[in-house]
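Visitor: Next come the chains, spelled out residue by residue.
2 protein chains.
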Amino acid sequence: MRLSRYFLPTLKETPAEAQIASHRLMLRAGMIRQGAAGIYSWLPLGQRVLKKIEQIVREEQDRAGALEVLMPTIQSAELWMESGRYDDYGKEMLRIEDRHGRAMLYGPTNEEMITDIFRREVRSYRDLPKNLYHIQWKFRDEIRPRFGVMRGREFLMKDAYSFDLTAEDGVNSYNAMFVAYLRTFARLGLKAIPMQADTGPIGGDLSHEFLVIADTGESEVYFEESFTTMSAPEALDTDSAGLQAIVDSWTTPYAATEEKYDPATCPVSSEKLIKGRGIEVGHIFFFGEKYSAPMNATVQGPDGDTVTVQMGSYGIGVSRLVGAIIEASHDDNGIIWPESVAPFRVGLLNLGTKSEECTSFCDTLYNDLQAAGIEVLYDDTSAGAGAKFANMDLIGLPWQIAVGPRGLQNGVVELKNRATGEKVELNPLDALAKLKV
Amino acid sequence: MRLSRYFLPTLKETPAEAQIASHRLMLRAGMIRQGAAGIYSWLPLGQRVLKKIEQIVREEQDRAGALEVLMPTIQSAELWMESGRYDDYGKEMLRIEDRHGRAMLYGPTNEEMITDIFRREVRSYRDLPKNLYHIQWKFRDEIRPRFGVMRGREFLMKDAYSFDLTAEDGVNSYNAMFVAYLRTFARLGLKAIPMQADTGPIGGDLSHEFLVIADTGESEVYFEESFTTMSAPEALDTDSAGLQAIVDSWTTPYAATEEKYDPATCPVSSEKLIKGRGIEVGHIFFFGEKYSAPMNATVQGPDGDTVTVQMGSYGIGVSRLVGAIIEASHDDNGIIWPESVAPFRVGLLNLGTKSEECTSFCDTLYNDLQAAGIEVLYDDTSAGAGAKFANMDLIGLPWQIAVGPRGLQNGVVELKNRATGEKVELNPLDALAKLKV
Numbered sequence: 001m002r003l004s005r006y007f008l009p010t011l012k013e014t015p016a017e018a019q020i021a022s023h024r025l026m027l028r029a030g031m032i033r034q035g036a037a038g039i040y041s042w043l044p045l046g047q048r049v050l051k052k053i054e055q056i057v058r059e060e061q062d063r064a065g066a067l068e069v070l071m072p073t074i075q076s077a078e079l080w081m082e083s084g085r086y087d088d089y090g091k092e093m094l095r096i097e098d099r100h101g102r103a104m105l106y107g108p109t110n111e112e113m114i115t116d117i118f119r120r121e122v123r124s125y126r127d128l129p130k131n132l133y134h135i136q137w138k139f140r141d142e143i144r145p146r147f148g149v150m151r152g153r154e155f156l157m158k159d160a161y162s163f164d165l166t167a168e169d170g171v172n173s174y175n176a177m178f179v180a181y182l183r184t185f186a187r188l189g190l191k192a193i194p195m196q197a198d199t200g201p202i203g204g205d206l207s208h209e210f211l212v213i214a215d216t217g218e219s220e221v222y223f224e225e226s227f228t229t230m231s232a233p234e235a236l237d238t239d240s241a242g243l244q245a246i247v248d249s250w251t252t253p254y255a256a257t258e259e260k261y262d263p264a265t266c267p268v269s270s271e272k273l274i275k276g277r278g279i280e281v282g283h284i285f286f287f288g289e290k291y292s293a294p295m296n297a298t299v300q301g302p303d304g305d306t307v308t309v310q311m312g313s314y315g316i317g318v319s320r321l322v323g324a325i326i327e328a329s330h331d332d333n334g335i336i337w338p339e340s341v342a343p344f345r346v347g348l349l350n351l352g353t354k355s356e357e358c359t360s361f362c363d364t365l366y367n368d369l370q371a372a373g374i375e376v377l378y379d380d381t382s383a384g385a386g387a388k389f390a391n392m393d394l395i396g397l398p399w400q401i402a403v404g405p406r407g408l409q410n411g412v413v414e415l416k417n418r419a420t421g422e423k424v425e426l427n428p429l430d431a432l433a434k435l436k437v
Numbered sequence: 001m002r003l004s005r006y007f008l009p010t011l012k013e014t015p016a017e018a019q020i021a022s023h024r025l026m027l028r029a030g031m032i033r034q035g036a037a038g039i040y041s042w043l044p045l046g047q048r049v050l051k052k053i054e055q056i057v058r059e060e061q062d063r064a065g066a067l068e069v070l071m072p073t074i075q076s077a078e079l080w081m082e083s084g085r086y087d088d089y090g091k092e093m094l095r096i097e098d099r100h101g102r103a104m105l106y107g108p109t110n111e112e113m114i115t116d117i118f119r120r121e122v123r124s125y126r127d128l129p130k131n132l133y134h135i136q137w138k139f140r141d142e143i144r145p146r147f148g149v150m151r152g153r154e155f156l157m158k159d160a161y162s163f164d165l166t167a168e169d170g171v172n173s174y175n176a177m178f179v180a181y182l183r184t185f186a187r188l189g190l191k192a193i194p195m196q197a198d199t200g201p202i203g204g205d206l207s208h209e210f211l212v213i214a215d216t217g218e219s220e221v222y223f224e225e226s227f228t229t230m231s232a233p234e235a236l237d238t239d240s241a242g243l244q245a246i247v248d249s250w251t252t253p254y255a256a257t258e259e260k261y262d263p264a265t266c267p268v269s270s271e272k273l274i275k276g277r278g279i280e281v282g283h284i285f286f287f288g289e290k291y292s293a294p295m296n297a298t299v300q301g302p303d304g305d306t307v308t309v310q311m312g313s314y315g316i317g318v319s320r321l322v323g324a325i326i327e328a329s330h331d332d333n334g335i336i337w338p339e340s341v342a343p344f345r346v347g348l349l350n351l352g353t354k355s356e357e358c359t360s361f362c363d364t365l366y367n368d369l370q371a372a373g374i375e376v377l378y379d380d381t382s383a384g385a386g387a388k389f390a391n392m393d394l395i396g397l398p399w400q401i402a403v404g405p406r407g408l409q410n411g412v413v414e415l416k417n418r419a420t421g422e423k424v425e426l427n428p429l430d431a432l433a434k435l436k437v
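Read top to bottom, the protein sequences are chains H and X.
Oh and the first sequence: position 363 is 363 in the working numbering, straight run, nothing missing.
Oh and the second sequence: position 160 is 160 in the working numbering, straight run, nothing missing.
Among the hints, erroneous ones may be present.
Identical copies go unnamed one by one, so any copy, or any two together, can satisfy a pair.
[What the hints assert, rightly or not] Straight-line distance between alpha carbons at most 35 Å, and here's what the computed DSBU-like set of lysine-lysine pairs gives: (1) LYS354 x LYS12; (2) LYS260 x LYS52; (3) LYS91 x LYS51; (4) LYS436 x LYS272; (5) LYS436 x LYS423; (6) LYS436 x LYS52; (7) LYS436 x LYS275; (8) LYS52 x LYS191; (9) LYS191 x LYS272; (10) LYS12 x LYS260; (11) LYS354 x LYS91; (12) LYS423 x LYS434; (13) LYS272 x LYS423; (14) LYS423 x LYS12; (15) LYS51 x LYS423; (16) LYS436 x LYS260; (17) LYS436 x LYS12; (18) LYS91 x LYS272; (19) LYS12 x LYS272; (20) LYS272 x LYS354; (21) LYS434 x LYS52; (22) LYS51 x LYS436.
Just so you know, the hints here were simulated from the structure itself, not pulled from any lab data.
Since this is a predicted model, take the numbers as computed values, not measurements.
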């Protein structure tokens with residue numbers, strides 16, 4: 001993509017309304033603009049990151065055997081009256097009346113709707129287990145939306161819902177999602193630690209939050225230092241004992257959010273305990289019959305008896321992750337994207353737009369990079385070198401290739417790694433070869 | 001995908017509420033389920049088709065130089081008061097009050113919001129032309145939603161918005177979208193004819209509707225028979241004269257919707273005029289300053305003067321297209337998917353699930369198909385052969401491979417083309433080779 005044709009309204013000044021790094025940087029890097037309090041438009045750079053995160057989340061859900069559906073944003077209030085949550089949910093639920101005066105709402109989550117789909121279509125234990133997920137916009141009418149996409153009102157969430165015949169099977173489905181989450185966050189370049197959590201308005205006994213550790217996290221967390229050396233499982237073990245073993249290895253070390261941490265009962269000595277800050281990016285629940293019982297979601301069991309299904313739900317804040325990744329990976333100059341979610345892999349800077357030779361060289365390199373399947377943002381504008389470098393650092397592409405008339409005389413370009421700051425002069429073929437890896 | 005693990009609740013009976021073929025078939029094929037009037041959940045098979053259509057639409061927008069953004073579903077009412085459409089839009093607009101009593105709405109379209117983004121960020125004629133699009137859910141509170149996804153309330157739309165310095169440039173942007181639409185619909189396996197159209201609540205002078213011709217179309221259309229032999233342009237000619245020539249060739253032959261057709265003034269003799277039925281799948285508008293003037297969307301022109309930008313907007317009904325494709329391509333037995341949007345390319349039927357040999361053979365073939373990158377739905381269930389064939393015809397995958405114990409004795413499988421009904425017995429390697437093409 002040529003920057004001259006792109007829509008990338010970066011800002012030099014830090015917007016006054018932004019209190020945290022990700023909000024500031026997303027505004028400055030031209031990723032988002034606010035439409036109304038807590039409601040954002042995603043400009044091209046932000047949209048690309050959002051889609052990449054969405055795709056990684058999708059791939060790991062598919063790999064774990066979940067099936068993608070797509071439920072609507074607007075729901076009928078009736079189902080929520082059936083489950084009893086219509087009144088419980090309070091003012092966070094955006095309630096709507098349609099032209100015929102029917103009570104509707106903008107879904108803050110989908111337990112009721114998916115349970116309704118399930119009970120209408122599934123009759124037999126032979127059809128279990130099932131795990132259905134979707135990636136759809138949700139709305140929660142936060143009283144004080146803030147921190148950009150980290151606590152917005154309209155937000156993109158992946159939510160999965162599992163249906164099993166027995167509680168044991170249900171825990172297995174829970175474990176499969178637990179492991180999928182470890183893999184998902186690792187692929188996003190994040191260190192996410194599962195912590196026991198309160199279940200809040202979703203309900204149930206078994207629940208974990210996944211928190212990304214970042215200095216600028218929203219809440220205090222405490223965890224054993226052994227987490228720092230653990231890495232996510234490479235392949236998904238679908239055997240239930242294998243899944244349980246992975247879950248055990250990640251839940252045995254101590255980890256707790258501020259609300260759950262109590263120095264009096266904490267089993268870990270202070271030398272081995274790390275106090276940090278965390279950002280919630282995922283939350284999983286096993287809640288058994290909480291929705292299936294009141295909503296009559298049953299199947300015929302192997303013995304012909306009617307069995308109420310065991311359910312769990314599994315959320316990932318897709319739009320929130322954009323902010324969380326930035327909180328975990330930025331410096332004073334801007335964002336540092338992990339390669340897996342970078343909007344472009346390479347930024348190509350023409351530092352000699354007045355030189356026909358330099359421009360023609362850059363045009364050729366741009367075409368070569370694209371032909372090699374490398375996503376590249378090509379700064380072909382007439383801005384000065386300083387502004388171009390600052391802009392590239394701000395938007396945080398993993399690699400920068402700077403081409404100037406002086407280097408060209410020696411047949412070299414400068415390749416910079418955004419994360420390490422390391423710069424090397426290379427001939428362009430070597431630079432291309434290095435990026436192709 | 002193994003059918004035994006999939007979620008495909010097909011129906012034998014025709015649902016009473018469905019009046020048209022696409023609605024009936026989408027319900028019967030387990031693609032959608034209604035959540036509330038005109039609001040649908042997309043089950044796995046439907047979700048796959050929807051995403052494939054969305055991706056083709058996206059690729060052709062990108063190819064035409066449009067930039068993808070993502071605007072939210074919920075908008076502040078203020079912008080609509082500025083443009084004057086807040087009152088005009090009437091009861092079709094879903095109006096919402098948030099917890100603080102602020103007037104919001106669920107966007108039925110995005111002219112106001114994109115104009116606001118543009119005017120806040122773009123200052124100079126040097127940044128023009130720009131065409132920004134998104135693919136997002138919209139809501140129109142139809143008084144009588146019907147025909148399934150063809151006239152739903154919550155629907156997925158691709159809407160693009162062009163910004164130009166002059167009316168001439170604006171027409172060029174319009175032409176680029178016109179040509180992109182021809183290519184898009186052709187890739188979706190559709191014959192879509194552009195017709196001059198009323199501009200309705202969007203406004204402007206220059207406008208075309210794209211209508212798919214189908215016996216079951218919603219409205220009567222009249223067009224010259226020469227359209228039947230025209231085919232969409234292969235490559236996108238970005239030269240403005242080239243674009244204009246393509247547009248001219250598609251707008252010179254006569255074509256009119258019922259409202260615009262008048263036998264007294266129709267220039268085409270009755271032998272050369274085809275009367276058919278059409279389904280609107282796209283609508284493009286050039287409306288100049290209709291929004292940019294009241295909303296003050298201006299740039300500095302080359303002479304330093306302030307210029308109000310020239311705008312157009314370009315919609316494609318993505319969710320509606322699922323229905324339109326089915327209306328244009330089905331028979332008494334079910335859907336006939338064009339290859340480009342088929343949820344799976346191949347259906348593999350194991351007709352001998354009780355035979356270990358047959359099952360093991362099918363398992364291997366299933367793996368081979370997947371390894372060859374062919375999307376396959378594998379009916380590994382214990383249903384009878386008749387039910388399996390009927391089910392595959394209903395869901396309309398382009399190819400079926402039936403494997404039975406008798407054929408296996410002769411080393412052959414049956415390959416069926418869903419569209420032509422043609423069946424051939426082949427050895428499995430030849431079947432695989434044929435599908436790899």
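Visitor: Each of the hints needs a verdict: does it hold here or not?
Guide: Comparing the hints with the structure gives:
no.	hint	in the structure
1	LYS354 x LYS12	within (24 Å within a copy, 70 Å between copies)
2	LYS260 x LYS52	within (33 Å within a copy, 45 Å between copies)
3	LYS91 x LYS51	both (30 Å within a copy, 34 Å between copies)
4	LYS436 x LYS272	neither (42 Å within a copy, 57 Å between copies)
5	LYS436 x LYS423	within (17 Å within a copy, 45 Å between copies)
6	LYS436 x LYS52	both (19 Å within a copy, 29 Å between copies)
7	LYS436 x LYS275	neither (40 Å within a copy, 56 Å between copies)
8	LYS52 x LYS191	both (18 Å within a copy, 33 Å between copies)
9	LYS191 x LYS272	within (18 Å within a copy, 68 Å between copies)
10	LYS12 x LYS260	neither (41 Å within a copy, 53 Å between copies)
11	LYS354 x LYS91	neither (58 Å within a copy, 56 Å between copies)
12	LYS423 x LYS434	within (13 Å within a copy, 51 Å between copies)
13	LYS272 x LYS423	neither (37 Å within a copy, 69 Å between copies)
14	LYS423 x LYS12	within (24 Å within a copy, 66 Å between copies)
15	LYS51 x LYS423	within (30 Å within a copy, 41 Å between copies)
16	LYS436 x LYS260	neither (47 Å within a copy, 56 Å between copies)
17	LYS436 x LYS12	within (33 Å within a copy, 52 Å between copies)
18	LYS91 x LYS272	neither (42 Å within a copy, 62 Å between copies)
19	LYS12 x LYS272	neither (42 Å within a copy, 63 Å between copies)
20	LYS272 x LYS354	neither (59 Å within a copy, 58 Å between copies)
21	LYS434 x LYS52	both (23 Å within a copy, 34 Å between copies)
22	LYS51 x LYS436	both (22 Å within a copy, 29 Å between copies)
Hint check: violations occur at hints 4, 7, 10, 11, 13, 16, 18, 19, 20; the rest are consistent with the structure.
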